[in-house]
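There are 2 protein chains.
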Amino acid sequence: MKNKLYFDISKNDTKTKENLFQKICKENEEVGYYSLPSQDISEILEYASSFDEKIEHVAVIGIGGSSLGIKAIYEFLKPTKRMKKELIFFESTDPISISHQLGQIDIEKTHFIIISKSGTTIETIAVFKYILSIQQNEKNYTIITDDDSPLSKLADKLKIKCFFIPSNVGGRFSALSNVGLMPLSICGVDIKDLLNGANRVKKSFFEDGFLQEILMNKALFYARNHAKYHINCIFAYSETLEYFCEWYVQLWGESLGKKQKHSAFHVGLTPVGLIGPKDQHSFLQLLTEGTRDKSATFIKIDDFKDNLTIPAVSLPYLESLDILNGVAFHDLINMQCCATMEALINQNDIPIDELSICRVDEFSIGSLIFYYELLTSLVGQLIDVNTYDQPGVEYGKILLKDKLLKLKDQL
Amino acid sequence: MKNKLYFDISKNDTKTKENLFQKICKENEEVGYYSLPSQDISEILEYASSFDEKIEHVAVIGIGGSSLGIKAIYEFLKPTKRMKKELIFFESTDPISISHQLGQIDIEKTHFIIISKSGTTIETIAVFKYILSIQQNEKNYTIITDDDSPLSKLADKLKIKCFFIPSNVGGRFSALSNVGLMPLSICGVDIKDLLNGANRVKKSFFEDGFLQEILMNKALFYARNHAKYHINCIFAYSETLEYFCEWYVQLWGESLGKKQKHSAFHVGLTPVGLIGPKDQHSFLQLLTEGTRDKSATFIKIDDFKDNLTIPAVSLPYLESLDILNGVAFHDLINMQCCATMEALINQNDIPIDELSICRVDEFSIGSLIFYYELLTSLVGQLIDVNTYDQPGVEYGKILLKDKLLKLKDQL
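Going down the list, the sequences are from chains A and B.
Under our numbering, the first residue of the first sequence carries the number 1, and numbering increases by one thereafter.
Under our numbering, the first residue of the second sequence carries the number 1001, and numbering increases by one thereafter.
Stretch-level coverage of chain A by chain B, calculated; a stretch enters the list once three of its residues show a Cβ under 8 Å from a Cβ in chain B:
1. 51-65
2. 238-250
3. 278-284
4. 312-319
5. 326-340
Straight-line Cα separation of at most 27 Å, DSSO-like style, residue types lysine-lysine; simulated pairs:
6. LYS1004(B) with LYS401(A)
7. LYS305(A) with LYS1406(B)
8. LYS300(A) with LYS192(A)
9. LYS406(A) with LYS1002(B)
10. LYS1002(B) with LYS401(A)
11. LYS406(A) with LYS1300(B)
12. LYS192(A) with LYS203(A)
13. LYS300(A) with LYS1408(B)
14. LYS4(A) with LYS1401(B)
15. LYS1406(B) with LYS300(A)
16. LYS300(A) with LYS1401(B)
17. LYS403(A) with LYS1305(B)
18. LYS85(A) with LYS109(A)
19. LYS109(A) with LYS1081(B)
20. LYS192(A) with LYS85(A)
21. LYS78(A) with LYS1078(B)
22. LYS1228(B) with LYS1004(B)
23. LYS1406(B) with LYS4(A)
24. LYS159(A) with LYS139(A)
25. LYS261(A) with LYS23(A)
26. LYS54(A) with LYS192(A)
27. LYS1085(B) with LYS1161(B)
28. LYS397(A) with LYS1004(B)
29. LYS305(A) with LYS1401(B)
30. LYS1403(B) with LYS300(A)
31. LYS2(A) with LYS1397(B)
Treat the hints as calculated values from the structure; they're not laboratory data.
Because the structure is a prediction, the values reported are computed rather than measured.
For glycine and all other residues, C-beta sits at the position ideal for the given N, C-alpha and C.
Could you build the full structure based on these sequences and the hints that come with them?
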């Protein structure tokens, strides 16, 4: 992983940085996600190695932090990796979507993984109840939840295999816990390498590698300028990173959109996920000429390991595009990334940085995930919010329960 | 279509509204997309009715405005409509994505539609050149481009069937032109009904229906408060609207993110597309407790035409969720929409409106598309930008050409 910042950082921040580093070291002892790169994965590996070979689909029933991380990693790897099982996601109460997904699978050849940290997520339990009505064999289920949650007790009673989420690992920080590792391992993803990637970033940060300085500088810039540059775009130049962007949107938005701890003032950094070159033909105009309230991080893949090349054919009337002839697509897409980045840097008032990962593999996506988790924690400390809670969504849940009770009364 | 605004509009705007309405009436005579609902579609219907039955896949090679609208309509209808052909989109230069897509199709049973308004879009021509090297039969191609573009001349020379885009219809406003109608018609989409939906909205606006007042009030609010509420979220409660949101992001961002015509000041309204209930577990926390810089439009589907119901099963330890028993999923998702909306309305400082479409069909999506196109034009007039150009993306293209030329020198 390489990372280069194209914006100015004031240099006299030694004290602030020392202070920030101390706070993150303290979090490292208390907040669970920091320990995930070095967890024991033997139980998962054993479970995956003896997994039923007749199963073709693995259906994840989960929402938010219980699906986005798994999907980000799975969809990143899928186009270039031969997966042992196909993952399918039930992450909505939309009846059209549920019916459509059910039409894609053979229920007898599908294993269902129910994931809910609290064990009482309405969407997840609603779909689980429905699936239970058409598939009663407990061997076709696995549950992932907090130890001691109502769902873990149900698993015990129904004799469904259960994996636990450490209680100090929040949903949106759980991609590298059992939540992500269990389903991905079944599909044949090398979860050891995933954690190795995360560990490399962790070491580089905590043991004074190059990421310590860069991550702190980046976080300081984002925090100090959060009232001005409060929209943070990822501009990822590969279709494989589409769902990584969705994962980032939850991580960034839900962690940093808060009332401040000491002022109760509303703050927040708004995440936007973009895919290049597609979004050069969409959001880029707004980035280039719109209000100066956005920063952008360009993510590049150094080696696509694909030699697909534009043939040296000259088309009548399109001779001006002969400059494309003989160019490999991987060179073209990376040149497009550089050209867009340069155009924005030359504007002088759009903060840009460049993040490169080596290739499309487990190590790279593991490192990318841990990099963004660390960055989120750093910015959360600096803008004085509780990075790990989400109190703002409770009120809607109470209103929904009222509506459900009223509906019962009518029936 | 119903639309209700939950924010205050000052009432003494008669002059401003008259003025605005006049300007839009003038645009109606000059800007091409306004006329699309009443265009002649006989040529397309004829072409589609005699389309090769052996073709299984229709591959759209296009990017931005040449793919987003088609995808929005196709993916909205697909889960509930038996499509005659499967659409597949080549909208990137990512070699992994191109190789993966090619692996999904049988080249002999695939028809390729090359779409580029200018006829010289780099991404599109790059992929077209590659496809031409593996499929030379001109009968397997259709081209959609501006009359007189280099691509239309090439079509003529290679004897490839060509449809035209009216020169006064911009890419991001072209969903209801040949760009969208031709590929969708081949798949069996009822394009007449699509246009009927658009026409209903057009009439309601221009002939003093309920949308005239509502659209102008909404546009006035967005324009007057654009410095404060400059992030506009769509929160659509159905997975079927996922790609509609992507289409909206281009339309809104690329049309309204500009230098002002008379001041050269950077302005812009940032679009965010959200899907409920999924994004209740992601972006909602930021919307509820983050900076007060966002408005949200909730889109609901009145009738899902799907009776999937949560079974009346009581699960041990999860008895608190028996309130879900016997509830239809379509009632649940719409209650979730209402609960989230109410929670936000009660905050008093987040501007919310509710937009309902009848059902998942051509008429509804046609109306939704024209509604957003009109709203974009109205806001564009009010914030003093040229809604229909995109000058901010040119510099990156020049830098890319330089890089390609340098690469040639090295080879």
